[in-house]
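Protein chains in written order, with my numbering: chain U, 1 to 109; chain F, 1 to 128; chain V, 1 to 540.
No wet-lab data here; the hints were simulated from the structure.
Careful: at least some of the hints might be erroneous.
[Claimed, not checked] FRET-style restraints, in silico, Cβ to Cβ: (1) V:241 / U:102: 29 to 37 Å; (2) U:12 / V:315: 46 to 54 Å; (3) V:163 / F:109: 43 to 51 Å; (4) U:39 / V:146: 19 to 27 Å; (5) U:43 / V:506: 24 to 32 Å; (6) V:146 / U:43: 55 to 63 Å; (7) V:237 / F:31: 30 to 38 Å; (8) V:270 / U:45: 38 to 46 Å; (9) U:45 / V:139: 33 to 41 Å; (10) U:85 / V:117: 30 to 38 Å; (11) V:238 / U:37: 57 to 65 Å.
[What the hints assert, rightly or not] Think about it this way: if two alpha-carbon atoms lie no more than 30 Å apart in a straight line, the pair counts; the simulated DSSO-like pairs of lysine-lysine are: (12) U:37 / V:204; (13) U:10 / V:494; (14) U:24 / V:196; (15) V:204 / V:323; (16) V:494 / U:39; (17) V:97 / V:485.
C-beta atoms are modelled at their ideal positions from N, C-alpha and C, and glycine is treated no differently.
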Amino acid sequence: MASGVKPRVKVPKTASAGEAITIKTLISHKMESGQRKDKEGNVIPRSIINRFTCDFNGQNVISVTLEPAISTNPYVEFEATVPEAGEFKFTWYDDDGSVYDTAKSVAIG
Amino acid sequence: LGAGAAAVAALPISALASVDDAIAAFTGGADMGDAGIDLTTPEIAENGNTVPISVDAPGATAVMILATGNPTPGVCTFEFGPLAATQMASTRIRLAGTQDVVAIAKMADGSFARASNTVKVTIGGCGG
Amino acid sequence: GNWAKLAAQQTLTQDDLLGFDTYGNITLVHVTDIHGQLKPIYFREPEINLGIGDVNGLPPHVTGADFLKMFNMTAGTPEAYALTYQDFSALAKGYGKMGGLDRVATILNAIRSDRPDALLLDGGDTWHGSYTCFKTDAQDMVNVMNALKPDAMTSHWEFTLGHDRVNEIVDELPFAFLGANIFDNEWDEPAYEPYKMFERGGAKVAVIGQAFPYLPIANPNWMFPGLSFGVREERMREVVAEVRDAGADLVVVLSHNGFDVDRKMASQVDGIDVVLTGHTHDALPEPVMVNNTMLIASGSNGKFVTRLDLDVQNGQLLGFRHKLIPVFSDVIEADKDVAAVIDAERAPYEAEMSEVLGQTDSLLYRRGNFNGTWDDLICNALIDEREADIALSPGFRWGPSLTPGDKITREDVFNATSMSYPNAYRSEMTGETLHVILEDVADNLFNPDPYYQQGGDMVRVGGMGYHIDVSKPQGSRITNMTLLKTGEAIDPAKSYVVSGWASVNEGTEGPPIWDVVESYIKRQGTISIDPNKSVKVTGA
Ligand SMILES: [Mn+2]
Ligand SMILES: [Mn+2]
Chain U
1 MASGVKPRVK VPKTASAGEA ITIKTLISHK MESGQRKDKE GNVIPRSIIN
51 RFTCDFNGQN VISVTLEPAI STNPYVEFEA TVPEAGEFKF TWYDDDGSVY
101 DTAKSVAIG
Chain F
1 LGAGAAAVAA LPISALASVD DAIAAFTGGA DMGDAGIDLT TPEIAENGNT
51 VPISVDAPGA TAVMILATGN PTPGVCTFEF GPLAATQMAS TRIRLAGTQD
101 VVAIAKMADG SFARASNTVK VTIGGCGG
Chain V
1 GNWAKLAAQQ TLTQDDLLGF DTYGNITLVH VTDIHGQLKP IYFREPEINL
51 GIGDVNGLPP HVTGADFLKM FNMTAGTPEA YALTYQDFSA LAKGYGKMGG
101 LDRVATILNA IRSDRPDALL LDGGDTWHGS YTCFKTDAQD MVNVMNALKP
151 DAMTSHWEFT LGHDRVNEIV DELPFAFLGA NIFDNEWDEP AYEPYKMFER
201 GGAKVAVIGQ AFPYLPIANP NWMFPGLSFG VREERMREVV AEVRDAGADL
251 VVVLSHNGFD VDRKMASQVD GIDVVLTGHT HDALPEPVMV NNTMLIASGS
301 NGKFVTRLDL DVQNGQLLGF RHKLIPVFSD VIEADKDVAA VIDAERAPYE
351 AEMSEVLGQT DSLLYRRGNF NGTWDDLICN ALIDEREADI ALSPGFRWGP
401 SLTPGDKITR EDVFNATSMS YPNAYRSEMT GETLHVILED VADNLFNPDP
451 YYQQGGDMVR VGGMGYHIDV SKPQGSRITN MTLLKTGEAI DPAKSYVVSG
501 WASVNEGTEG PPIWDVVESY IKRQGTISID PNKSVKVTGA
C-alpha cells in the first residue's frame, strides 16, 4: 500500500428527499505517471489511482476511469441525487492493488 | 519570466494517431455532433500540472476526456450511474504544453457529441 | 518650456479641475493602480500601445496625435500633457508633477461635499511599488488609503506581499476586499467576498470585485500557493445574476482584468452597468460603451481620479455624467490631514530614500509596448554590473518617469523596481530558449483573444535586437534575433549569458535589482540613454 494516501470528501450532512447535492472528493496520492525518470535515468514505474466510484445505498452515482494525466491528489466533483436517508460510499483503486474507501451518511431534513 | 522558466514550456508532442485511436475505441467510429456538451477549461493554465476542467453533458451515460498534446492522450472517463443528479463532473489534469482538451459524450440514445477547448500553458512573469 | 508654464498658470485652477455639475442620485469615485505612489510624480503615457484584431485603433490603443484627434484635444494643453506622450519633457516643466494622495484627498473632499455618500472604489495594485511600501510591507499604503475612506477594493500586486500578509491586512481593513474570481485551489470554493451591496440615493448598488485573473502566472504563485484566479466568465455571470436577484438596481464591476479583457467580458456577460477597469493603466477621458455597459479607465500612479455621477431609478440606469480629473499637483491643494499621514509614513525613511545617486540627461519612462528608457537603463545596468551578453527586464507598466536634468534618488530607483522578488539572476540560456521566452511573452500581449492576454508589455531586451510581426501566431512572431555587441545572428544551439530580474521562480539567486541599478548609476554619474532602435515591429 502506498504511503500517505488519505481520502477526503465534502458531502452535505442533510438533504431533502430527491435533492441534488454537490459532492467533492480528494485523495492524497502522488499519481506517478510512468513517464518520469529518476536521477539515474531509469523510468519511475507508473503508480496511480486508476478508478474511483461513488455509490449511495448500493446504487451507483458515478464511476471514473483515471489515466496518468490526472493531477497529483486526484480531485473529482459531481452531483448526486439523494432519494432517501443513507450512506455514500467512496472507493479508490490503486495500481498496486490497494483499495481505499470512505463513507458519509446523509440525513433527510 | 525568468531563469529556467522555459523548462515548463516543452513543445507539445503530436499524438494525433493515438487521439484518433482513443476516440474510435470510445465511439466505434460513429459521427459526433457538437451540441449537448459543455467543456469548461481555463483560457490559460495557472499550473500545467493541475488544470481544472469541467464537463456538463445532460443525458450522457459517459464522457471521455482527452488531452491531445500529451505524450499519451487519455485523461479520464466519467460514467454516470442512476443516482447521478446531473451529467456534470469536474477534475484536475496535467497538460504537457499548450493544447486542445477534448471531451466526448456518449448519449443515452447511443449518439455522440464532442467539445474542444484550447488551454494555453505559458511561462508568464510579466504584468501591469 | 516657458509657454507651457504660462499656459499652465493661465488655464488651470483648482475650481476648474474639481468643477462638476452634480447629477442623478449616485456618485462613484474610481482610483486604480496607484502602485505605492503617495507623492506627486511624472508619468509619461505610452507612445506605442498596439491593439490586435478587433480592437485595433480603438481606445485605449490610441496614442499621441491620434489620441488628441479622437478626443478633440489640442497639443500642448493640460489634458494633452496628462493623457499623451508628446513633448512630455517640455510640458512637464510647465505643468509639473501629477498625483499625490493628499491632492486626491482634496478632490474627494470636494466630491463628498456635493455627494456625502459617494462610493470610493480602488481597483487594486495599491499595496505595491515604492521604497516605503517595500520597507513597511505596504502598511504605509494601507494607512494612507484608510485615511481616504474607500468603500471597496480589488487586487493584483497585493498578493505579492504573500497570502498571509494579505489576510493580515484584510482582517483589519475597514472596507471590503473583493474578488469574485479568487478561489481556494483545493476545494474550489470562494476565498474572498465576491461583492458588496450598498444603499445609495434610494438605490441598491452592487459592487463586484474581479482580481487580476493571471496572478499565479504573471507573479510568483509560490507566494500564494492556495489560491486560484482566472477570468471565470461563468462565475461573473452567476454573481451578476445573484446580485440582481438580491435587488441590485446598479451593477458595478470593480475590475483588475485589464481593458481588453473587460471589453470582452462586458460583451459576453449581460447585466453589468459599469466596469471600472484597471491593470492596463489606461486613462480615457470618456467612457467606452459596450452594448449597455460603460467602461471607465482611470489611469495609474495616482495621476487621475474618475468621478461618475449616475441616475439610477428602479433598476434602470437613466443617464450619467463623467469626468476624468487630472491630479495636477501644483494646482490642487494638498489636504493637510492626509499630507500629515503621508509625511508620518515617509519620515523614518526620508534620509535613505532621498539620497542622490546620480542624474539623468534623458527622459526616463517605462510605458510602451516594446521598450522604455527606464528599462533600457535597467538592462544596461544588468549587462554591465552582471557581465551578461543579454539582459531581460519584465514589461511592467508601473513606475513613474524622470525628466531630463532630474536627479536620480534611491526612491526613484525603487519606484521603478520595488517588489518582493527582486533578485537579479545571471544564467546561461540557449538562443532557442530566448526565442521561446520572447514568443511566449509576445503571445501574452498580442494574442487576438483578449482572454489570453495578461496585460503587461513585451519583455524588454538589452544586448539583443529582434523583429516582431505582431499579426503572426505564437511561435512565428519573433525573427532576426541579433546579438548587438557582435551583430551576429543568435544561434539557437549556442548558450548566452543572460541577466534579468523579477523571476517568478522560487529560490532565484542574485542581488536585488535596485542594488544593481544603484551601483550602475553611481558609476555612470549621469545617465544618458540612446534611442532604442533594436526592435523592429511589423504587422500592426
Ligand atoms: Mn498596475
Ligand atoms: Mn495589475
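Hints, one by one, checked against the model:
The given range of 29 to 37 Å is respected by residue 241 (chain V) and residue 102 (chain U), whose C-beta atoms sit roughly 35 Å from each other. Distance hint check for residue 12 (chain U) and residue 315 (chain V): the Cβ-Cβ separation is about 34 Å, which falls outside the suggested range of 46 to 54 Å. As the Cβ distance of residue 163 (chain V) to residue 109 (chain F) is approximately 48 Å, the hint placing it in 43 to 51 Å holds. One distance hint, 19 to 27 Å for the beta-carbon pair residue 39 (chain U) and residue 146 (chain V), is violated here, with the actual separation near 53 Å.
Between residue 43 (chain U) and residue 506 (chain V), the C-beta spacing of about 27 Å keeps the proposed range 24 to 32 Å intact. As the Cβ distance of residue 146 (chain V) to residue 43 (chain U) is approximately 57 Å, the hint placing it in 55 to 63 Å holds. Take residue 237 (chain V) and residue 31 (chain F): their Cβ atoms lie about 32 Å apart, and the range 30 to 38 Å holds. At about 52 Å, the CB distance of residue 270 (chain V) to residue 45 (chain U) disagrees with the hint of 38 to 46 Å.
Distance hint check: the CB atoms of residue 45 (chain U) and residue 139 (chain V) are about 52 Å apart, inconsistent with the given range 33 to 41 Å. At roughly 51 Å, the beta carbons of residue 85 (chain U) and residue 117 (chain V) sit outside the given window of 30 to 38 Å. For residue 238 (chain V) and residue 37 (chain U), the Cβ-Cβ distance of about 44 Å falls outside the hinted range of 57 to 65 Å, so the restraint is violated. At most 30 Å may separate the alpha-carbon atoms for a hinted pair to count; residue 37 (chain U) and residue 204 (chain V) exceed this at roughly 59 Å.
For a cut-off of 30 Å, the pair hint linking residue 10 (chain U) to residue 494 (chain V) is broken: about 53 Å separates their Cα positions. Taking the CA atoms of residue 24 (chain U) and residue 196 (chain V), the gap is about 28 Å. The hint holds against a cut of 30 Å. Among the hinted pairs, residue 204 (chain V) with residue 323 (chain V) is consistent with the structure: their alpha-carbon atoms are about 23 Å apart, no more than 30 Å. Between residue 494 (chain V) and residue 39 (chain U) the CA atoms are separated by roughly 25 Å; this keeps the pair inside 30 Å, and the hint holds.
For the given pair, residue 97 (chain V) sits about 38 Å from residue 485 (chain V) by alpha-carbon distance, which is inconsistent with the 30 Å threshold.
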